[in-house]
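**Q** One-letter residues, chain by chain:
Protein chains: 2
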Amino acid sequence: MTAQLIDGKQIAADIHDEIRADVEEMKTETGKVPGLATVLVGTRKDSQTYVKMKKRACKKAGIASFAHDLPEDIRQEELLKIVLDLNANPDVHGILVQLPLPGHIDEEEILSAVSLEKDVDGFHPINIGRLSMKRRDPLFVPCTPRGCIELLDRTGIKIEGKRAVVLGRSNIVGLPVAMLLLHRNATVTICHSRTKDLPSVVREADILVAAVGRAEMVKRDWVKPGVVVIDVGMNAVDDPSSEKGYRLTGDVAFDEVKEVASAITPVPGGVGPMTIAMLLRNTVDSAKRCL
Amino acid sequence: MTAQLIDGKQIAADIHDEIRADVEEMKTETGKVPGLATVLVGTRKDSQTYVKMKKRACKKAGIASFAHDLPEDIRQEELLKIVLDLNANPDVHGILVQLPLPGHIDEEEILSAVSLEKDVDGFHPINIGRLSMKRRDPLFVPCTPRGCIELLDRTGIKIEGKRAVVLGRSNIVGLPVAMLLLHRNATVTICHSRTKDLPSVVREADILVAAVGRAEMVKRDWVKPGVVVIDVGMNAVDDPSSEKGYRLTGDVAFDEVKEVASAITPVPGGVGPMTIAMLLRNTVDSAKRCL
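First to last, the protein sequences are chains Y and A.
In this text, residue positions in the first sequence follow the numbering used here: the first is 4, and each later residue adds one.
In this text, residue positions in the second sequence follow the numbering used here: the first is 4, and each later residue adds one.
Everything labelled a hint here was simulated from the structure, so no lab data went into it.
Fair warning: there could be bad hints in the mix.
Same chains, same names: a pair is fine if it fits in one copy or spans any two.
As the list claims (entries may be wrong) - Calculated lysine-lysine pairs in the DSS-like style (CA-CA distance at most 27 Å, straight line):
id, residue 1, residue 2
1, Lys199, Lys137
2, Lys222, Lys63
3, Lys261, Lys199
4, Lys199, Lys227
5, Lys84, Lys35
6, Lys12, Lys48
7, Lys247, Lys291
8, Lys35, Lys199
9, Lys48, Lys291
10, Lys30, Lys199
11, Lys261, Lys12
12, Lys227, Lys48
13, Lys12, Lys84
Based on the sequences and whatever the hints tell you, model everything.
**A** This is the structure:
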């Protein structure tokens, strides 16, 4: 058996088209466009790349961006003031604080300062609290977890009643995706580095979300035939044959597992492109709420 | 095999002794005592009973209580003002809003108004958000879930590395207890009314927390021999042979399951007495933080 490919690149492109149409309509009807502020502290290469990709995606979608590229040694109060000013700016509908912040910054205070109505990353503790609870819908669902669910929905994969196994329990992916699957009536198991006999737990999955950050850890004999695999991993492994000297790989041994899975996301081109698509979706939803 | 009885009544009594000693010490050292405010709206019999039990327990422990027994038809703003006044009262270290509130009251607004520092029930969305996330300790852990963990700890049952199954996903028990077990490094499965083949999922448990509210639903052949059972259920079933015409029973068929489990809580006398003990513990911890 060879699995159906869950084509995140194509699905994200479809979502970008929908967003562009929404923005166009909003502009025609109100003369306004959605606005996303990016707050980047320091010069981490990966963070710079992410923010650049986000700005570029905004531009393509017709969303205004408001960039704040700030020095590594910014003081807590200065950073806080920038966030509060963005809260007050009516042209800004979403505020993205790129993580991680430098060590001297109190990250929770900054994230808590972002107005709930503009928390397009969904990391405000109140949004996480609402996400965890039944019937307390958060204003925004974190982008990568929302992207995982969207991939399942747009591939026509039913979640209700399925055994879902989430490998990894991070605040930004594992935990929220587990909560989303639970609210969609999956029976959810969360496993992690302290789980005993991990392969046998993973084998219980009808739907597996791997978000643990270990290259190709999940092997063919770890999965039940017919499993649906959402691979959030994004690991750089040495590859002298490649131009860059490395290649990107997921948490799942794709070539093996695709032979037994019923559907699987590739890495890259699976979950990755969904994160930015969901960020823009959250921003446009936020702007619509303000109309 | 006959299971070890996890004696919640005795464990709660031990905790009450510890609390009394703490209160005594605080009084001697500072001249102050911890204070708990109870806010009861309407005349629901069960809510009245719970609040009365809480007041009585405070009295026995030397904790001051501040009772607000309010009419069913109280307006949102009036109730909100009472909560804000209690937030400002330095003699009050914990505020308990007895749930459920009447239908015309916006429950989330009221619970969110309780000062984070006095949220001894742990139901403020920020406390729930912190509870769900790794390394973001909430100021207070909800009482019943905390009581479940305390029962395991004080019986010497190891949580790390175990398969824990939580039956039920309520905001007040199932979800928070699942998060607590996860943070203690159990591999956690959350199941519920939409779970397929529930018995086979429950059979995976080394530790089972039943919090689903269905009398004696978990049968002997649903559990793995040696399982540890924490039964949060509290169901009234008709019993003509009893004086009251009913008896209380848990979610687990105690008489059958105790023959295969390694340890089990009775109902009543298991989790029940722990809830109030943890409420007082949270109140005293809060008062200590204010010193």
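**Q** For Lys48 and Lys291, with the copy left unspecified, which applies at a CA distance of at most 27 Å: within, between, both, or neither?
**A** So Lys48 and Lys291 fail the 27 Å test inside a copy (33 Å) and across (45 Å) alike.
**Q** For Lys227 vs Lys48, is the C-alpha pair at or below 27 Å within one copy, between two copies, both, or neither?
**A** Close neither inside one copy (39 Å) nor across copies (51 Å); limit 27 Å.
**Q** Are the CA atoms of Lys199 and Lys137 at most 27 Å apart within a copy, between copies, both, or neither?
**A** between (29 Å within a copy, 20 Å between copies)
**Q** Could you place Lys199 and Lys227 in one of the four classes (within, between, both, neither) given a Cα distance threshold of 27 Å?
**A** both (18 Å within a copy, 17 Å between copies)
**Q** At most 27 Å between C-alpha atoms: does Lys247 with Lys291 qualify within a copy, between copies, both, or neither?
**A** neither (42 Å within a copy, 57 Å between copies)
**Q** State whether the alpha carbon distance between Lys30 and Lys199 is at most 27 Å within one copy, between copies, both, or neither.
**A** neither (54 Å within a copy, 47 Å between copies)
**Q** Evaluate Lys35 and Lys199 at a C-alpha cut-off of 27 Å and name the case that applies: within, between, both or neither.
**A** neither (54 Å within a copy, 48 Å between copies)
**Q** Quick one: Lys222 to Lys63, C-alpha cut-off 27 Å, is that within a copy, between copies, both, or neither?
**A** neither (38 Å within a copy, 59 Å between copies)
**Q** State whether the alpha carbon distance between Lys12 and Lys84 is at most 27 Å within one copy, between copies, both, or neither.
**A** Close neither inside one copy (37 Å) nor across copies (52 Å); limit 27 Å.
**Q** If the cut is 27 Å between Cα atoms, do Lys261 and Lys199 qualify within a copy, between copies, both or neither?
**A** both (25 Å within a copy, 26 Å between copies)
**Q** For the identical chains here, do Lys84 and Lys35 meet the 27 Å Cα criterion within one copy, between copies, both, or neither?
**A** Within one copy, since 26 Å is at most 27 Å while 39 Å is not.
**Q** Using 27 Å as the alpha carbon limit, work out where Lys261 and Lys12 are close: within a copy, between copies, both or neither.
**A** The answer is within: 18 Å in one copy meets 27 Å, while 53 Å across copies does not.
Of the hints listed earlier, those the structure fails to meet are numbers 2, 7, 8, 9, 10, 12, 13, in rising order.
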